[in-house]
Every structure is written in structure tokens, then in C-alpha cells.
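K.L.:
Can you build the whole structure from these sequences, using the hints too?
What follows is each chain in one-letter form.
Number of protein chains: 2
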Amino acid sequence: MALVTLRSNTILRRTTKLAKHFSSTSCPEDGPYKTVVMKTAVPGPVSQEMMAEMVGFNTSLGSVPFFVDYEKSQGNYMLDADGNVFLDAFSQISSLPLGYNHAALTKAVHSSKVTNYLVNRPALAIMPPIDTKQLLERTLLRVMPKGMDCVQTMMCGSCSVENAFKAAMIKYRADQRGEYLPTEIELDTCMRSEEPGTPDLTILSFKTAFHGRTFGSLSATRSKGIHRVDIPLLDWPAADFPMLKYPLHENEAENREIENRALDTVREQIKMYNERGRHVAAAIVEPIQAEGGDNYATPYFFRELQKILKEYNVAFIVDEVQTGGGATGKFWAHEHWDLPEAPDMVTFAKKMLIGGFFYQQEFLPKQAYRIFNTWMGDPARNALLESVLDTVENDKLIERTQSAGRVLMNGLVEAQNKYPGLISNARGLGTFLAVSCPSPERRDEFVTLLRESGLSMSGCGTDSIRFRPALIFNESHSKLLLEILDSTLSKVVH
Amino acid sequence: MALVTLRSNTILRRTTKLAKHFSSTSCPEDGPYKTVVMKTAVPGPVSQEMMAEMVGFNTSLGSVPFFVDYEKSQGNYMLDADGNVFLDAFSQISSLPLGYNHAALTKAVHSSKVTNYLVNRPALAIMPPIDTKQLLERTLLRVMPKGMDCVQTMMCGSCSVENAFKAAMIKYRADQRGEYLPTEIELDTCMRSEEPGTPDLTILSFKTAFHGRTFGSLSATRSKGIHRVDIPLLDWPAADFPMLKYPLHENEAENREIENRALDTVREQIKMYNERGRHVAAAIVEPIQAEGGDNYATPYFFRELQKILKEYNVAFIVDEVQTGGGATGKFWAHEHWDLPEAPDMVTFAKKMLIGGFFYQQEFLPKQAYRIFNTWMGDPARNALLESVLDTVENDKLIERTQSAGRVLMNGLVEAQNKYPGLISNARGLGTFLAVSCPSPERRDEFVTLLRESGLSMSGCGTDSIRFRPALIFNESHSKLLLEILDSTLSKVVH
Numbered sequence: 001m002a003l004v005t006l007r008s009n010t011i012l013r014r015t016t017k018l019a020k021h022f023s024s025t026s027c028p029e030d031g032p033y034k035t036v037v038m039k040t041a042v043p044g045p046v047s048q049e050m051m052a053e054m055v056g057f058n059t060s061l062g063s064v065p066f067f068v069d070y071e072k073s074q075g076n077y078m079l080d081a082d083g084n085v086f087l088d089a090f091s092q093i094s095s096l097p098l099g100y101n102h103a104a105l106t107k108a109v110h111s112s113k114v115t116n117y118l119v120n121r122p123a124l125a126i127m128p129p130i131d132t133k134q135l136l137e138r139t140l141l142r143v144m145p146k147g148m149d150c151v152q153t154m155m156c157g158s159c160s161v162e163n164a165f166k167a168a169m170i171k172y173r174a175d176q177r178g179e180y181l182p183t184e185i186e187l188d189t190c191m192r193s194e195e196p197g198t199p200d201l202t203i204l205s206f207k208t209a210f211h212g213r214t215f216g217s218l219s220a221t222r223s224k225g226i227h228r229v230d231i232p233l234l235d236w237p238a239a240d241f242p243m244l245k246y247p248l249h250e251n252e253a254e255n256r257e258i259e260n261r262a263l264d265t266v267r268e269q270i271k272m273y274n275e276r277g278r279h280v281a282a283a284i285v286e287p288i289q290a291e292g293g294d295n296y297a298t299p300y301f302f303r304e305l306q307k308i309l310k311e312y313n314v315a316f317i318v319d320e321v322q323t324g325g326g327a328t329g330k331f332w333a334h335e336h337w338d339l340p341e342a343p344d345m346v347t348f349a350k351k352m353l354i355g356g357f358f359y360q361q362e363f364l365p366k367q368a369y370r371i372f373n374t375w376m377g378d379p380a381r382n383a384l385l386e387s388v389l390d391t392v393e394n395d396k397l398i399e400r401t402q403s404a405g406r407v408l409m410n411g412l413v414e415a416q417n418k419y420p421g422l423i424s425n426a427r428g429l430g431t432f433l434a435v436s437c438p439s440p441e442r443r444d445e446f447v448t449l450l451r452e453s454g455l456s457m458s459g460c461g462t463d464s465i466r467f468r469p470a471l472i473f474n475e476s477h478s479k480l481l482l483e484i485l486d487s488t489l490s491k492v493v494h
Numbered sequence: 001m002a003l004v005t006l007r008s009n010t011i012l013r014r015t016t017k018l019a020k021h022f023s024s025t026s027c028p029e030d031g032p033y034k035t036v037v038m039k040t041a042v043p044g045p046v047s048q049e050m051m052a053e054m055v056g057f058n059t060s061l062g063s064v065p066f067f068v069d070y071e072k073s074q075g076n077y078m079l080d081a082d083g084n085v086f087l088d089a090f091s092q093i094s095s096l097p098l099g100y101n102h103a104a105l106t107k108a109v110h111s112s113k114v115t116n117y118l119v120n121r122p123a124l125a126i127m128p129p130i131d132t133k134q135l136l137e138r139t140l141l142r143v144m145p146k147g148m149d150c151v152q153t154m155m156c157g158s159c160s161v162e163n164a165f166k167a168a169m170i171k172y173r174a175d176q177r178g179e180y181l182p183t184e185i186e187l188d189t190c191m192r193s194e195e196p197g198t199p200d201l202t203i204l205s206f207k208t209a210f211h212g213r214t215f216g217s218l219s220a221t222r223s224k225g226i227h228r229v230d231i232p233l234l235d236w237p238a239a240d241f242p243m244l245k246y247p248l249h250e251n252e253a254e255n256r257e258i259e260n261r262a263l264d265t266v267r268e269q270i271k272m273y274n275e276r277g278r279h280v281a282a283a284i285v286e287p288i289q290a291e292g293g294d295n296y297a298t299p300y301f302f303r304e305l306q307k308i309l310k311e312y313n314v315a316f317i318v319d320e321v322q323t324g325g326g327a328t329g330k331f332w333a334h335e336h337w338d339l340p341e342a343p344d345m346v347t348f349a350k351k352m353l354i355g356g357f358f359y360q361q362e363f364l365p366k367q368a369y370r371i372f373n374t375w376m377g378d379p380a381r382n383a384l385l386e387s388v389l390d391t392v393e394n395d396k397l398i399e400r401t402q403s404a405g406r407v408l409m410n411g412l413v414e415a416q417n418k419y420p421g422l423i424s425n426a427r428g429l430g431t432f433l434a435v436s437c438p439s440p441e442r443r444d445e446f447v448t449l450l451r452e453s454g455l456s457m458s459g460c461g462t463d464s465i466r467f468r469p470a471l472i473f474n475e476s477h478s479k480l481l482l483e484i485l486d487s488t489l490s491k492v493v494h
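Protein chains in written order, with the numbering used here: chain A, 1 to 494; chain B, 1 to 494.
Just to be clear, a hint being listed does not mean it is correct.
The list treats identical chains as one, so a pair stands whether inside a single copy or across any two.
[As the list claims (entries may be wrong)] Okay, derived cross-link-like pairs now, DSSO-like style, lysine-lysine, Cα gap no bigger than 30 Å in a straight line:
| id | residue 1 | residue 2 |
| --- | --- | --- |
| 1 | 39 | 491 |
| 2 | 224 | 330 |
| 3 | 491 | 133 |
| 4 | 72 | 107 |
| 5 | 133 | 72 |
| 6 | 224 | 366 |
| 7 | 107 | 330 |
Since the hints were derived computationally from the structure, they do not count as laboratory data.
P.N.:
Shown next as C-alpha cells:
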């Protein structure tokens, strides 16, 4: 650790100068900013002072690299408290669709509709606003995945996942008992957490998956020990996620075998849990395992997975919290799969500004108060989503993401060829891209060096680096990112 | 049900005329509205049409009595889609601190700070804004309960409770193993939900408690079967909540015995679970069981509870999601208890506009990413809270709540004396008040009749009616509420 810090500081002084040589970007959304400008070490003295002031005052400062000046940030450029200008290829854990201070959002915030929802926040499930239908039609229903019937808004990704689980379980129990309404015995026994009222239903998830950190979503999350340790969880089945070889098109035969073996574990787990009377009500999967390391599976895998789940009446939940909203080059990542039928549910949050899940009619609760809480989402954020979707459409941001992604992906392939011992496995869709590093330690070192060179990105899994720019990232930003990467890698080599 | 509908319609036509006789209120926040005005049945034709349009489109329309026109609503008066003017004594499930369209909030929404946070929503735990400390000092730290050290913001009540549980468990496990960091074996075994990494720790809650509906919070919720049924839960201990006799001051001796017996069950449950190796890491309690029926315990009960929990190293979590924010006549309901020491954690949401929990320093996670998610709260709502707190202070709204509450409570006592077979057990603190009805059916009927007479309130528990006005409710609103209640009860009698 001391060594890394020393190296980092040495590099830092170099990058301060080098930054001047990086090319500049062209993007009206970026305002005055054209390239990265590093004035101090990271964190700089102002951020360090802020950290010191907040010690013992709030949690988890260990995860904070610096404090951000959101007023001064613009477009793809994020400014920290010390005035350093970063190219942002992480966009607040992939949650900012249009970068910083986008004019369309600033305008929307001041609309009477958004103001009204902010000042008079409704309890949506009991006192919905008169324009509920219109609001949903202009926002979530406009991008509802093909084949889905309904949408339920929620507050964040975790509670979207939790409530999708609940909706799947309510339907599964209704199927089991042959009628929707619970019996008196069930209503009584559930108060003591006893069967049949509290059934031992399970949710199947995949190894290295991430679905959230509340108790239900965490029971399906298997990304890292530190995420799960010390917390009692529901013991639910885990199948293997196929760990494919990259590039995918050069390893098709071997990857097909890896995927088939993973699919076998899905079947085995469902059979085993069902036989034990611990029936699998739903399976949840990310189109790309993000937090777990940017792990990909092919469309074949997901189509076969759907077949298996149908066979066992297991609801198919696609968790698009991180992949949804356009970054993969399609609005929903599962559109890349060409499924014969839609999945049963699709969860979302992050770039959608609010959480929630789309679902098939058969998962609609037939009794009030079963999927319920006070706020049930946030219509102010939902109203802002209208401006996001208008901008994505008008400015052709999905297309922009596709072309920016092509440039970035090609450059990552070139970089891994140029620096074979340092990065590998360039992979991804759209601008949703990643590379692997030789070891976890090397990865952590690269993350630090890249940040000190003015690139904001993040690690994922044990040894990968992920890029998650906003949808306004264009080809010139991809080129700048690649220059910073090349500069950093060349210094590590020499 | 058909009978109730028939009666209700009959009554409705009467109340439309009667409403004219209700006295008028005086409150600058209410704008043009002075009393209730009922123009149609509830739901009126416009609301009914909106419901029909949304069938099969979204969940749970069964919980929707009507659609609300939030732009036209003002102060304590809520307008529905048909132009009916209700006196609002429910305030969006107790979550609107200042009623509708309060000038202070409208102004705050347009401030550059709120705009900035809405347009550039930060991932707070990795990229905090430069004014994080100042924002917290002006809002949550300003009302931090006496004796607490830290605050963690969250998105809603449920995830606040879930993360308070996690913080308690992380600390409990650290105490058990004698050091903070988990071992390699723990980090490994937790990936398979096995001990020691996945410990079988438990949370003690009380019968008829409500703490939320996500898997962790639902495991501690014991309000009604329909809230828990069909969902697999963690099997956690439940103690008796004392079911006291009202009025409390006339039943002190008997209530003391009831509370002592309930406290015995706390001790028994902790001992039993600890002996089984299923250690109790925390206990959570509402100062007033709200959803479960507005059940009260005395300060004695909570002081004794704290002693027992200390004896067993069980963290004491006070769930102030519904009681916090001033409605009980103190900002935090647990301030009524005069505890010798602060509780270990206090959860909040609703009237605070965002969720979160206050906690003692010893529960501060010492490792990053252990209490973590993407958004970690909502600084835009937090910034709006500043205006709420300013208004509460400047307009002396806690004092207003005390005086409005006195008038309302006295009136409820008079009403229960006048209509002994119809309502009873008038109880509460501030304007956080409730009455009991002779049966669940009678309660549901009263709720319908009161709503049709222009009063928005809600049932709770099996047979109670609760009042949850905003903090701008004053004595004249209490009088109007009492007139509507008297008019409704007198019609039921005759």
C-alpha cells in the first residue's frame, strides 16, 4: 500500500504535465471544458480537509476519493473540490444519463409539474395524482420492453428487486394453492414465520451476481464476501454464471460448452431445491454481471435459460438496474438476446432516475396493499425522466453511444495488443466496456493512476476496470480516454 | 358490503347539504379554502373514469379511494379529481410535514442548490458534494436526537430500517469475534450462506409492529397477516407489546402490570434465542405502534426496555419513521420518555422527506462499502428539509401541533362520552391521535362515511381510526374535524 502511494505520487507529478498533451474533445454539452486538467494530487488538499472535517460524522469515507463540485461540473467533465477536471467515465456508478448540468434537465426541474411533485409528494398507491396515466405514458410506458404489460415504480434498485421477488412469490403461491387469496391458516401461521403462511420459497441467482444490499436482494447477491459477511440471509440457490473467454467471437465453441455447463447447474439447482420442498419461485440475472466483474454471456445462454425457467414455472427476472437506459447500445440490454418471448419481469433504477419493475399481467397483484409502501416511487424523478427520454431521442444518444463505444472498444483492443501483460479481455457492448488486469493489486494500482491522470472510472470484480460514461459521451471522449489509458500504461511499463 | 355501499350513498346525499353547516377554519397556509366541500360521491365520476383507464396497467388500484389534484390542493385541504375539498388529516400517510403547496417549499425547489442536486444526482458515498457537511448541519444534524453522534441518509423508511439492522449486526459480530475485520473463513463461507460468515443473528421486534415490507424489515413487521403472507422471511423473535387500557392515567396500576408482563417476554425471547445460538443483535420498537393500531406504552416501559437490552448487549433501535418530525408534540417521540441515555439508533423517513438513521459512534462502520448503495439518500430532498425545519421553527409548528392536539383530544373524549357504543379509547400525543371502533366492520364503515363527509383520515390496526394531519393543522381544523365526526356519528346513531 505504501509502495502504491509512493509510485502514485511520482506518477502524479508527471501526469500534471502530461495532461497538457492530451487531445481535446468536442461536445456542446461539455460547456467550457475540452480536456482533463489536473492541478493537484488526488485527493487534493481541499478534499482532504473536507474528509478530515467529516471523520466520525458520517459513514464510509473510505470509499470517497474526493469531493465533487457539482455546480461547476458540466457534460462529461466532473470537477473536484480542488478544481481538477476529470473526464467522467463512471457517471455516478452509471446512474447519470445525461452527464452534468444538462440544459434539458435544468429546464425540467423548473417546470410546474416537477415543482408540484416535489412540494406535494404523493403517497402514490393511495392518493395518485390526476395525471398519473399521462405521466407514465410519457416516461416508463414509452420505453417499456416489448412484451411487458405493466410497470410499478419504486425508490431504488434494491427495493425494485425486493418487490419483484415478492410479486413472483405471491404469484407462485397462488399457483401452488390453486387460488389467489391466502387461507385463514396461512394468514395466521405467517405471523409466527411458520409454514404454510411463511413458505420456504427461494430465488435462484448466479455466482458473482449483484442485485442490491437489503436483506432480500443481498440474499441473491454473490459478488464479494465483504458485501454479504456478518449479515443473516435467506439461503437461496446459486447457479454458475458462465465465465467466458474473450474475445467472444474467437472462442465460440469453447464458450458454448462453458455456457451449457452453467445451464446444467441452473437445472440442477432448481431440481434440488424443488425436491427439498424449497421451491424456486424466480430466477434473477443481470444481462451483464457488472459489479461482479463485467461478465458476459451470449444470447444463446439467455434463450436457453428462459426455456429451463419456463419448464419449471420459475419467473424470469432480468435485472437491468445497471444495464438499462441505453449504455449497451440498445435501450434495454436484454434486447440484444432476441428472446422468443419477453421475460417475466425487468427491474430498473439508476439512469432511469427512479426504480421500479416492468412485469407481465399475470404478476399483477390482485389484492391491494400487497406490493405497497408509503411513497411507491417518486413522480418528480419520473417527470424528469421525460426530459431524459426526449433528449435521448432528439439527440440520437443511443446511436452516439454505439459510435463512441466502437471507437473505445477498438482502442481497448489495440491497447491490450500493445500492452499484453497489463490489460486483456477488452469486452462489452456500446460504451458499457471493461478490461481485465493481471491481478487485483495491479488493478487497484491502475485505478489510482488513471484517476490521478484525470480519468474517473472504477474497478469491478476482482481484477477488472469498467467504463460507464453517460449517454452524451462521444467519439472524441473515447479518444481522450484511450490517450489517458495509453499514457498510464506506457509509464507502468517503463 | 352492498349494505355499506347503500348506506354510504344515502348518507352522502345528506352530507353534501350538511357540509354547508360545518364551521370554517382560519389558516393563511390554506389559501382560499375554509371548509370541506363535497360535490360528488367518493370516488366521483372523474376519479372512477381514471381508475377504469388504469385497470391492468399498474398495481393495487384497490387501495385508491380517489385521484388527487395536487396543484389545486392547498394547506390542510386536499382536492380530488372531482373538485371535492377534503380536510386532510392523513397527510399522505403522515408524510407531508407542511401540507400542500407551502410557499417555503415552492421557493426552495427553485433554489440553485435543490436544482443542482436534482440535475446532478450524486452517488453520495463515493462522490459527495463539496457542501455535504454544511447541508447535513443545516438539516439532519440540527435535529439530531440528544446523545446521538452520526447520521446516515437513505432513500425510504424500509431501507433505513434494513441498514440500521445491518449496522447493528456488523457491530455485534465484531464484538463476538473480538475484532472488527471478518476472517478469511467468514468471507468465504458467507458466499454459500453458511456459518460463520453468514451468522444466524436475529432482530427482536414486537407483535403488531410495523417496520416496512422489504425482506429484512418485513421479518420484523407483525402488523397483519396480509403484510407477511406468501413471503419467506427470517425467523426472528417477537415480544409482546403491552396492550394498555385507556385513558392511561386512569389505569396506571393495571397498565404497569401489563407492561411488566410484556417486558418479561422481551427477556424470555432474548434468553431463548441467545441460548439457541441465534443471538439477538438488536431490538426495534416504534414509540407508538402506528400501522398496528396506534398502540401506546408508557415512558416506564421504554426505560425498562432499554435496561434489558443493555444487559444483553442488544442494540436499541427506535423506529421513528412515522412518529418523527413533530406530530407528537415533540420533534422525536422518544423525547417523551426521558431516557437516562440515548437509544443506539433512531430511524426516520416520511416527514423528514428522506430516510435514514441516527446512530451512536460505536455503530459507525470502520470499513468502506459495508453500508452502501448507489444513491445513499437524496440531497435534493435533504436540501428541501432545511425549509421545512426553518418553517417549523419560525412558525412554531410544534407548539401549534400541541394546541391543535389538545383541542382535538378533548373533542375526541367528549365524542366518545356522547357516543359510547361507537368510539372509544381516544388516545395519543400532539395531533398523533386515534380512536377505537366497536368492530373492524364498523371501523371500515366509519372510514367510508367520514371520507364521504370530506375528512381524509385512515384506519389502523383492526378496529381503529387514526388522525395524522400535517404540522400546519391548527385549533380551527381540530374543531372542524370534530364537527364532521359528530355529524357522522349522530347519523349512524339515528
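K.L.:
Against this structure, judge whether each hint is valid.
P.N.:
Hints and how they fare:
Within a single copy, residue 39 and residue 491 get their C-alpha atoms as close as 19 Å, which meets the 30 Å cut-off; across copies the closest is 77 Å, which misses it. When the C-alpha separation of residue 224 and residue 330 is checked against a cutoff of 30 Å, the pair qualifies only within one copy, where the shortest distance is 29 Å, while the shortest distance between copies is 43 Å. Taking the closest pair of Cα atoms, residue 491 and residue 133 never come within 30 Å of each other, the shortest separation being 56 Å inside a single copy and 38 Å across copies. In this assembly of identical chains, the alpha carbons of residue 72 and residue 107 lie at most 30 Å apart whether taken from the same copy (17 Å) or from different copies (23 Å).
With identical chains, the CA atoms of residue 133 and residue 72 are at most 30 Å apart between copies only, with a shortest distance of 18 Å across copies and 36 Å within one. Proximity of residue 224 to residue 366 under the C-alpha cut-off of 30 Å is restricted to the inter-copy arrangement: shortest distance 18 Å between copies versus 37 Å within a copy. Only within a single protomer do residue 107 and residue 330 lie at most 30 Å apart by alpha-carbon distance; the minimum there is 26 Å, versus 39 Å between protomers.
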